[in-house]
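Asks: Mind docking chain B on chain A? Use the hints.
2 protein chains.
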Amino acid sequence: MDFPTWMSAIQARTEIALERFLPVSTAAPARLHEAMRYAVLGGGKRVRPLLCHAAGEAFAADPARLDVAACAVELIHVYSLVHDDLPCMDDDVLRRGKPTCHVEYDEATALLVGDALQTLAFQVLADHGATTAMVALLAQAAGSRGMAGGQAIDLAATGQTLTLEELEFMHIHKTGALIRAAVLLGAQVGGADDDALRRLAQFAGRAGLLFQVVDDILDAEASTATLGKTAGKDAAQNKPTYVSLLGVGRARELAAELRTEAKTTLTEFGARARRLIELSDYIVERNF
Amino acid sequence: MDFPTWMSAIQARTEIALERFLPVSTAAPARLHEAMRYAVLGGGKRVRPLLCHAAGEAFAADPARLDVAACAVELIHVYSLVHDDLPCMDDDVLRRGKPTCHVEYDEATALLVGDALQTLAFQVLADHGATTAMVALLAQAAGSRGMAGGQAIDLAATGQTLTLEELEFMHIHKTGALIRAAVLLGAQVGGADDDALRRLAQFAGRAGLLFQVVDDILDAEASTATLGKTAGKDAAQNKPTYVSLLGVGRARELAAELRTEAKTTLTEFGARARRLIELSDYIVERNF
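Residue numbers (our numbering), protein chains in the order written: chain A, 1 to 288; chain B, 1001 to 1288.
You may find that some hints are simply not true.
[Said to hold, decoys possible] Straight line, CA to CA, 20 Å or less: simulated EDC-like cross-link-like pairs of lysine to aspartate or glutamate: (1) K1045(B) <-> D1215(B); (2) K98(A) <-> E19(A); (3) K1239(B) <-> E1166(B); (4) K239(A) <-> D1106(B); (5) K1098(B) <-> E1034(B); (6) K1239(B) <-> E107(A); (7) K1098(B) <-> D1084(B); (8) K239(A) <-> E1107(B); (9) K1239(B) <-> D106(A); (10) K233(A) <-> D84(A); (11) K1239(B) <-> D1106(B); (12) K239(A) <-> E166(A).
[Said to hold, decoys possible] Quick partial rundown of chain A residues pointing at chain B, CB under 8 Å, derived from the structure: (13) H83; (14) T132; (15) A156.
These aren't lab readings, by the way, just hints derived from the structure by calculation.
Since the structure is predicted, the reported quantities are computational estimates derived from the model, not experimental observations.
Glycine included, every Cβ here is placed at the ideal spot set by N, Cα and C.
Chain A extracted, bound-state conformation:
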């Protein structure tokens, strides 16, 4: 199966699994459930589920169990987007080509949507055969020493001048932690040993930064229509980015270096790591 076909297949099965895990919109409270489905379904590249399945396939993991882990990570990701778009955070109106949740519904509903999606992530794991080690891994990645902590650092950094090290520290938390969880959960479903998990954690570290560098370049260069979210937001909000620190040219070079490093960490896995390697390329080439 070529990569685009594989990617479409994983995206499609992720959509079906998410649809199944979400409460039906007719169940009370209907408006909340409708808003949860609005925020989650029918959008997004599903990068984290793709990484989860790619890592799991390297260990011949059961696809149905990978759906569970992949959806849990994606639900955490979507909750963070819904809260990040709120007026007291980034105050954004466009996400995945649609009005953001608080614009389509209202602020209080969007707050509860994010809250309930986070809960659902842990419920999906607990209800479908995951281990408490997997629950702990996702919680560690999502919490104050992971993604939510990264958001707090991001808040504090707006309008500040960061060093490259500080910027990297922020992104290791804000986006890196959840990308790492996606990869490691997939591998754990497949029964990967500690040595493999250590190697994959290194891969995920490089892939996470790569993703962020590319995101910064896209924010600076692509159009709102292409992105499906507001472009040029970082500069407008005076946020430190790889582009603001390094310029676009050096940021592109950094992306190339990170891609090479990411692939190098996979060498010992040989052909089993095929989808992870293809995803490294996809992350870089997705829009430029």
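Replies: Same frame as chain A, but now just chain B:
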């Protein structure tokens, strides 16, 4: 040990356990961790931890394992308070006798505090020997078909006329679900069988409504200084309550009935249910 001594002992050990589970305020991001500790520590009657320990003691559960379950439930409760106090929700400035989190810090930080406290609740369970069944039980209670769903129903009900049945439906979700989880998690730590859990679920249902009826009476009658939160808020926000629907006199009668019903569900446990019975009285008599 008399009840006040027992209660003080549980409250004290809960405070110590929460302090231990929370990240230290010097760890990055320091401001977020400081705000999380501000929201959680040094306040609250810890009703849910008390219920959890009381139910656990009926089955001779290990107190250290009860601390884990009790703290997880309390962290979910505090996260819901922090988000509920935000301007887009109840917009409140006083909680547990202190400025609310978004007043003391800022809205974005309070949003992240709530998010991270929810994550921490699941992490505490997963890191300290809980089962995935316990994770699932807490998630079910906290999510869109539990507490968060109750908040959504509450939002939709503001300014509406509800029937007594609709009001009860709202509270079964908004406060009842988490109280039920506190009781059932405590009993599960003690290895209670299905029959006992069924009985305790009935107790928790009555106790949860009892707690809410008393809360409505207190909101209408007590002073802000006594409550440590803004009094008279329900009427000011035109929220339907047991007092607005029934009047104070009938609400007091309902509380007395619910207390009797709650205790009746415990009959078969005999003396083992002592603390649960004492807590039923405490809930009613806590301030009037």
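Asks: Hint by hint, work out which the structure violates, then give me just those numbers in ascending order.
Replies: 11
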